[in-house]
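Undergrad: These are the residues of each chain, in order.
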Amino acid sequence: MSSHAEKTVPLGGPLITPVTLTLAALTGIAAVILLIRFIFGIGAVTNVNDGYSWGIWVVYDVMAGSAFACGGYAIALMVYIFNKGEYHPLVRPALLGSLFGYTLAGASVIFDLGRYWNTWHIFMPPWAQVNSVMFEVAVCITLYIGVMWIEFSPAFLERFGRKDLKQKLSKWMFLFIGLGVLLPSMHQSSLGSLLIVFGTQINPLWQTLMLPAIFLMTAITVGYAVVIFESCLSASGFKRPFELDLITRLSKVMWGFLVVYLVMRSVDLTWRGAWGEAFKFNVMALCFWIEMMGFILPVILLAKPANRRRPDRLLISAVSLIVGTLMLRLNGFLIGYNTGPGWYYFPSLPELLVTIGIIAAEILGYIVLVRWLPILPKVEPAKTAR
Amino acid sequence: MKTTRRQFLQGAMAGGAALTLGATPPEAQARPNLTMPPKALGLLYDSTLCIGCKACVAACKESNGLPPEFSTEDHLWDTAKDLSGKTKNVIKMYKDGNGTQKDRETDGYAFIKHSCLHCVDPSCVSACPVSAMQKDPVTGIVSYDEKSCIGCRYCVVACPFGVPRFQYDTPFPKIVKCELCNHLKTGDKYQYSACAQVCPTGATLYGPTDLLMQEAKRRVALKPGAISKFERGQIGSGNTHETVVKAQYLPRIYGDHELGGTQVLKISAVPMEKLGMPELPERSFASISETLQHSLYGWLAFPAVVLGGLVIAAKRTSRPDDEDKV
Ligand code: SF4
Ligand code: SF4
Ligand code: SF4
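Same order as they appear, the protein sequences are chains P and D.
Numbering of the first sequence is given in this note's numbering, commencing with residue 1 and proceeding in unit increments.
Numbering of the second sequence is given in this note's numbering, commencing with residue 1001 and proceeding in unit increments.
Calculated from the structure, these hints are not laboratory results.
A quick note: this is a predicted structure, and the numbers were derived from the prediction, not measured.
Backbone N, C-alpha and C define an ideal beta-carbon position, used for all residues, glycine too.
Please note: incorrect hints may appear among the correct ones.
Mimicking DSBU-like on lysine-lysine, the simulated pairs with C-alpha atoms at most 35 Å apart in a straight line are [what the hints assert, rightly or not]:
id	chain 1	residue 1	chain 2	residue 2
1	P	K280	D	K1092
2	D	K1081	D	K1315
3	D	K1315	P	K168
4	D	K1185	D	K1217
5	D	K1315	P	K378
6	P	K280	D	K1095
7	D	K1223	P	K171
8	P	K7	D	K1315
9	D	K1039	D	K1081
10	D	K1229	D	K1174
11	D	K1081	D	K1095
12	P	K163	D	K1315
13	D	K1315	P	K252
14	D	K1081	P	K280
15	D	K1274	P	K280
16	D	K1185	D	K1095
For each label pair, taking beta carbons as the anchor points, the in silico distance ranges come out as [what the hints assert, rightly or not]:
id	chain 1	residue 1	chain 2	residue 2	range
17	D	F1172	P	P305	40 to 48 Å
18	D	H1183	P	F279	45 to 53 Å
19	P	L233	D	W1077	53 to 61 Å
20	D	P1032	P	V9	54 to 62 Å
21	P	F279	D	K1147	46 to 54 Å
22	D	T1072	P	A25	40 to 48 Å
23	P	W117	D	T1079	29 to 37 Å
24	P	L233	D	D1074	31 to 39 Å
25	P	D164	D	E1146	48 to 56 Å
Using the sequences provided together with the hints, build the complete structure.
TA: Below, the structure is given as structure tokens:
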């Protein structure tokens, strides 16, 4: 990445702490469960069945996990496209979160693929089936992970003292930055399109041709929410000053996107006459409102510009958006999915532990890397509490 | 590069609206439903003729080399309750009230066969990212190739009839679904769909879909009390039996329009939704999904234009000369 930047530096500090040890333990538990899965089959550790063949390993780890990893994308969109250079200090930390989120979402796909040894078929003729939404998702996510590692490589090259390589790379970086915005736009929307072929098995609250736009917009807004959330955490966790000015301005952009999203979602529901489903007395309607509240609440909380300077409001809004985004994906793929009578799914404990382990691995990797590589902006000694 | 709050919000909103529009498909390059292949093969299942003997279930297992599945204490009989990773074909029963009379909706019972319908425009084929599900361009048989399959189970979740099933209890799983016995060779015990070959009453009949459709139309027009000949095995076999029509057929032929039609047809005296067959529109889900994909990504034209714009924007903001300040 380049231009306008403040100096970024490795954070240093201890790598072995109670927090990192706990995270490592959780990751280890997940690894053991996955070993069992690879020896005995998917059913040995999960509750997925032929009625709900996609469980949380797909819907959380891949669908929600990759959306939560959209911080880098959402910030890049703003920095480079809207020409907002002042956000630069947020770029590397956000990109790192995305790098981990996506790499792990990509890797965790393998755990869920029954015949994972054939995965490469997706990218190869004669197997590649371009009409499949899954094909588009798989190709774009894979490419994007590669693009992110390239975007991120200056941090490594700096660490390894390869200025020459870094210089060469930076001449071409604009291309990767462009791809780094295009690819997530494509696959985040396609994650929604995956549902189209399910047809009438999906409740009308979530079955619409607007699905790509709905999934894309929520991926972007949750990208900002995650950046706000991460800033709050790293401000308290690493005892760094809170980048309030930037976050305030960021929340403004997020708010704008949210308003557009809610208008679009409501118009679509009205257009298709689907509101009736939202006022039924059932789980789907309830979950629909939980989802919607996740998006409405931040719009209310952050409506007044003054509130965008209040860390508590910002944090609640971010969490609320994360919940809403998660619910949208759970609703579309599980709760709003009716596959006929007699089917039931709730994740098993080992299944949940794998998901938790993946999240733990993500946080652990983040901590290790910010302490080791120049990622967070340098803090002037006067300003810091450390 | 100063911006006021107002410009800023406007920018965000405009950006949001642009993305929304970008991800909203133009209706232009609609991909219509696929049409019936020239030599489509299929089955006709007649619920009123089915006596629930499950000979077809046993023959299907034998023909496909699938293991028995137990649901009783003693583990003596193959008693599959549903399609599964071990079962491609089941007969299920509908029962209402005291369940005394066959083929009656109230206080009656009826049978229904569940197996792949070999859709004219199959969701499973459209969903599969690696062409493991394929529809034969001539016979229309929807087949599965485990050597291609990655086990993503998109076909399992996408099929509106719940047909493809996955093996959850093995490290080397595959998808299991009826392939209309297209693996049979001359000299095998079964010469065409085993379920049809063993059916004693002609409730399951094999043949070209157009002829099956004619036969279905003939049957649903029969009145109770009429005496009629029914063919067994495959259309044109000449192996017939004569019997009195006992039930009042409903005029509906299931599969004549559902998602653009299916090559396996079903007729009955009890409404299809009671027998567990879903109500489906005529426009195939596959065609809707592919229309969307083609509008967004056809020839990659749209993504290419967007990428061009993005690259220009990125180039404007990140000049290589100030790379040292990274
Ligand atoms: S019934 Fe299901 S599995 Fe069979 S062809 Fe249709 S979509 Fe595919
Ligand atoms: S499970 Fe196999 S056959 Fe089914 S969609 Fe995935 S790759 Fe295709
Ligand atoms: S055609 Fe063959 S595989 Fe299909 S249900 Fe009949 S016997 Fe089973």
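Undergrad: So, for every hint listed, does it hold in this structure?
TA: So, going through the hints one by one against the coordinates:
Taking the CA atoms of P:K280 and D:K1092, the gap is about 32 Å. The hint holds against a cut of 35 Å. Proposed proximity of D:K1081 and D:K1315 is contradicted: the alpha carbons are some 62 Å apart, above 35 Å. A C-alpha spacing of about 15 Å is found between D:K1315 and P:K168, which places the hinted pair at or below 35 Å, so the restraint holds. At most 35 Å may separate the alpha-carbon atoms for a hinted pair to count; D:K1185 and D:K1217 meet this at roughly 32 Å.
Taking the CA atoms of D:K1315 and P:K378, the gap is about 26 Å. The hint holds against a cut of 35 Å. For the given pair, P:K280 sits about 29 Å from D:K1095 by alpha-carbon distance, which is consistent with the 35 Å threshold. Only pairs whose Cα atoms come within 35 Å are accepted, and D:K1223 paired with P:K171 is rejected, the gap being roughly 81 Å. The straight-line distance between the Cα atoms of P:K7 and D:K1315 is roughly 21 Å, inside the 35 Å bound, and the hint therefore holds.
For the hint linking D:K1039 to D:K1081, the alpha-carbon distance of about 33 Å falls within 35 Å, and the restraint holds. Taking the CA atoms of D:K1229 and D:K1174, the gap is near 41 Å; set against the 35 Å cutoff, the hint is violated. Proposed proximity of D:K1081 and D:K1095 is supported: the alpha carbons are some 15 Å apart, at most 35 Å. The hinted pair formed by P:K163 and D:K1315 meets the criterion: a straight-line CA distance of about 21 Å does not exceed 35 Å.
Distance restraint check for D:K1315 and P:K252: the Cα-Cα separation of roughly 25 Å lies within the 35 Å cut-off, and the hinted pair is therefore satisfied. Of the pairs offered as hints, the one joining D:K1081 and P:K280 holds, with about 33 Å between alpha carbons and a cut-off of 35 Å not exceeded. Between D:K1274 and P:K280 the alpha-carbon distance is near 24 Å, which keeps this suggested pair within the 35 Å criterion. For the proposed pair D:K1185 and D:K1095, the alpha carbon gap of about 39 Å is over 35 Å, so the pair is violated.
In this structure, D:F1172 and P:P305 break the distance hint of 40 to 48 Å, their C-beta atoms being roughly 59 Å apart. At roughly 51 Å, the beta-carbon separation of D:H1183 and P:F279 lies within the given 45 to 53 Å, and the hint holds. In this structure the supplied range 53 to 61 Å holds for P:L233 paired with D:W1077, their Cβ-Cβ distance being about 59 Å. Hint check: D:P1032 to P:V9, Cβ distance near 59 Å, so the stated range 54 to 62 Å holds.
Between P:F279 and D:K1147 the CB atoms are about 49 Å apart, so this pair conforms to the stated range of 46 to 54 Å. For the pair D:T1072 and P:A25, the beta carbons lie near 44 Å from each other, so the given range of 40 to 48 Å is met. Roughly 34 Å separates the CB atoms of P:W117 and D:T1079, a value that falls within the hinted 29 to 37 Å. P:L233 and D:D1074 have their C-beta atoms about 58 Å apart, which leaves the hinted 31 to 39 Å range violated.
Range check, P:D164 to D:E1146: about 49 Å between beta-carbon atoms, so the 48 to 56 Å window is met.
Hints 2, 7, 10, 16, 17, 24, counting from the list given before, are not met by this structure.
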